[in-house]
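Start from chain A and add chain B according to the hints.
2 protein chains.
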Amino acid sequence: MDEDTATEILEATYRALCRYGYAELTLENIAEEADRSKGIIHYHYDNKENLFVELLDFLYERYTTQLPSVEGGTPRAQLSALLDVVLTDEETTPDQEIRTALLEVKAQAPYNDAIQTRLTNFDEVLFERIQDIIAAGVEIGEFDTTVEPAVAAEFLVTIITGAHTRCVAVECSSEQLHETITRYVEKHLIAEELSEAPH
Amino acid sequence: MDEDTATEILEATYRALCRYGYAELTLENIAEEADRSKGIIHYHYDNKENLFVELLDFLYERYTTQLPSVEGGTPRAQLSALLDVVLTDEETTPDQEIRTALLEVKAQAPYNDAIQTRLTNFDEVLFERIQDIIAAGVEIGEFDTTVEPAVAAEFLVTIITGAHTRCVAVECSSEQLHETITRYVEKHLIAEELSEAPH
Numbered sequence: 001m002d003e004d005t006a007t008e009i010l011e012a013t014y015r016a017l018c019r020y021g022y023a024e025l026t027l028e029n030i031a032e033e034a035d036r037s038k039g040i041i042h043y044h045y046d047n048k049e050n051l052f053v054e055l056l057d058f059l060y061e062r063y064t065t066q067l068p069s070v071e072g073g074t075p076r077a078q079l080s081a082l083l084d085v086v087l088t089d090e091e092t093t094p095d096q097e098i099r100t101a102l103l104e105v106k107a108q109a110p111y112n113d114a115i116q117t118r119l120t121n122f123d124e125v126l127f128e129r130i131q132d133i134i135a136a137g138v139e140i141g142e143f144d145t146t147v148e149p150a151v152a153a154e155f156l157v158t159i160i161t162g163a164h165t166r167c168v169a170v171e172c173s174s175e176q177l178h179e180t181i182t183r184y185v186e187k188h189l190i191a192e193e194l195s196e197a198p199h
Numbered sequence: 200m201d202e203d204t205a206t207e208i209l210e211a212t213y214r215a216l217c218r219y220g221y222a223e224l225t226l227e228n229i230a231e232e233a234d235r236s237k238g239i240i241h242y243h244y245d246n247k248e249n250l251f252v253e254l255l256d257f258l259y260e261r262y263t264t265q266l267p268s269v270e271g272g273t274p275r276a277q278l279s280a281l282l283d284v285v286l287t288d289e290e291t292t293p294d295q296e297i298r299t300a301l302l303e304v305k306a307q308a309p310y311n312d313a314i315q316t317r318l319t320n321f322d323e324v325l326f327e328r329i330q331d332i333i334a335a336g337v338e339i340g341e342f343d344t345t346v347e348p349a350v351a352a353e354f355l356v357t358i359i360t361g362a363h364t365r366c367v368a369v370e371c372s373s374e375q376l377h378e379t380i381t382r383y384v385e386k387h388l389i390a391e392e393l394s395e396a397p398h
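Which chain is which? The protein sequence lines are A and B, in order.
Just so we're aligned, residue 1 is where the first sequence starts under our numbering, counting upward by one.
Just so we're aligned, residue 200 is where the second sequence starts under our numbering, counting upward by one.
Same shape as in the complex, but just chain A (with noise of 0.2 Å):
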C-alpha cells in the first residue's frame, strides 16, 4: 500500500470515529467512508485494533506538530499559543465528537495495552513541552522563580485534560474553560512585574 491510500484510509479511519464513536465503530464503516472495498482494508490491518493504534500515532504525530516548541517566541507566548491549540475548538475539525469518541477511548485504556501506551504518548508530549517552555521561562525571569516547572506542567497537564472530560459529560463552556485556566498562569506562573492579572 502507497503511502497516500494508507493517509486515505487513516483519515476515513478518524471521521468514521468521530461519526460513530469507538464502540460502534467498524472496518465497514471505515470502508465506507474511505470509498474503498471492506476487503482491502481487512487485507492491510486485520482488524479493528490495529488499524485504531495506527491511527493514534498518525494523530500523535499530528498533535507533536501542532504543539508550539520551545524555539522562537517567548516562553509566555508559547505557553498561551499552546493553550490555545489544545483548549479552542477549531471550526473546521469536529472537535466535540472527536473528544467523545477519544474519552470513550480512554475508558478502554485499563483494558489495552497498545490503547493505554499510545494515550500516555499524548499525555507525556504534552507534560514534557509545558515544562520545558516554563523551566525557559523561569530561566530568563519572565515566569516567577518560585514555579516549579515539573509541578506546573503536571497541574496544567491535568487541568487540561479535566477541561476535555467536562465539555464532553457535562454541558460546560470551553471558552470559560480556556480563560480560566489562561487567568492562573497570568496570576501564578507569571513574574509577578509582568503579569496582567492582580496578585
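These are computed hints drawn from the structure, not numbers from a lab.
We treat Cβ as the ideally placed atom computed from N, Cα and C, and that holds for glycine.
It is possible that part of the hints are untrue.
[Said to hold, decoys possible] Pairwise CB distance ranges (calculated):
hint, chain 1, residue 1, chain 2, residue 2, range
1, B, 260, A, 15, 37 to 45 Å
2, A, 117, B, 340, 42 to 50 Å
3, A, 43, B, 264, 32 to 40 Å
4, A, 81, B, 242, 21 to 29 Å
5, B, 338, A, 32, 54 to 62 Å
6, B, 327, A, 44, 46 to 54 Å
[Stated by the list, open to error] Some chain A residues near chain B, calculated using beta-carbon distances under 8 Å:
hint, residue
7, 58
8, 100
9, 161
10, 163
11, 177
12, 183
13, 186
Then chain B, alone, in the frame of chain A:
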C-alpha cells in the same frame, strides 16, 4: 418492591458495573450479581438504561452525604477534607474500576440526556460545595482576599475531573495528583500569612 430490595439491586448494579463496565452491563449480569432472577429485575426496571439512571441517583445521594458541608471546621480544613474524599482511593471500594466505568459513562453523555443530567448534578454539587467553602474562607480571612470563589471552584472541579480521567487513561499516581492539587490550594488560595507553601 420494598426499599431494602431496591437498595440491594442497586448495589448489585454497582458491583456489576465495576466488574463488566458500562458497555457490557446487562440485566443478566446484574441479576446474577444480585442473586435474583432476571425476570424480577426486568419487571421493576424495564431496561438497563432505567436501572442505570436509578443507580446514578443513588450514587448521587451517597456522594452528597460524603462531601463535607460548610458546617463544622474551618474552611481550609473543609476543603482539605473534600479533596481527600474526591481524590483519595479508598481501600474498601474498587475505585479504579468504578472510575473506568464512569469515564465510559461520561462518553455516553452527549447521546443520552438522562445520563448527562445526572452527571451535571455531580459536577454542580461539587462546584457549589467548593465555592461555598472558598467564599466562607475568604469571608473569615483564611483564604486570600483576591481569590474569586466561583473562578477557583471552576478551576478545582476541572482539575479534579482531570485527575480522575488521567488515572484511568494513563498510568499515573493519584497520590501525586492529590499532593499537587493540595499544594495549589496552600500556595495560591490560602491567605499568605497562614500558608505553609513558599510564595
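Here's how the hints hold up against the structure:
1. B:260 <-> A:15: 37 to 45 Å: holds, 41 Å
2. A:117 <-> B:340: 42 to 50 Å: With Cβ atoms ~49 Å apart, the hint holds.
3. A:43 <-> B:264: 32 to 40 Å: Violated, at about 56 Å.
4. A:81 <-> B:242: 21 to 29 Å: violated, 58 Å
5. B:338 <-> A:32: 54 to 62 Å: At roughly 60 Å between Cβ atoms, residue 32 (chain A) and residue 338 (chain B) fall inside 54 to 62 Å, so the hint holds.
6. B:327 <-> A:44: 46 to 54 Å: Cβ of residue 327 (chain B) to Cβ of residue 44 (chain A): about 52 Å, so the range 46 to 54 Å holds.
7. 58: For residue 58 (chain A), the interface hint is violated, since the closest Cβ of chain B sits about 19 Å away, which is over 8 Å.
8. 100: holds, 5 Å
9. 161: The hint holds - residue 161 (chain A) has a Cβ within 8 Å of chain B, the shortest such distance being about 4 Å.
10. 163: holds, 6 Å
11. 177: Since the shortest Cβ distance to chain B is 6 Å, the answer is holds.
12. 183: This hint holds: residue 183 (chain A) lies near chain B, its Cβ roughly 7 Å from the closest one there, short of 8 Å.
13. 186: At 12 Å from the nearest chain B Cβ, residue 186 (chain A) fails the 8 Å test, so the hint is violated.
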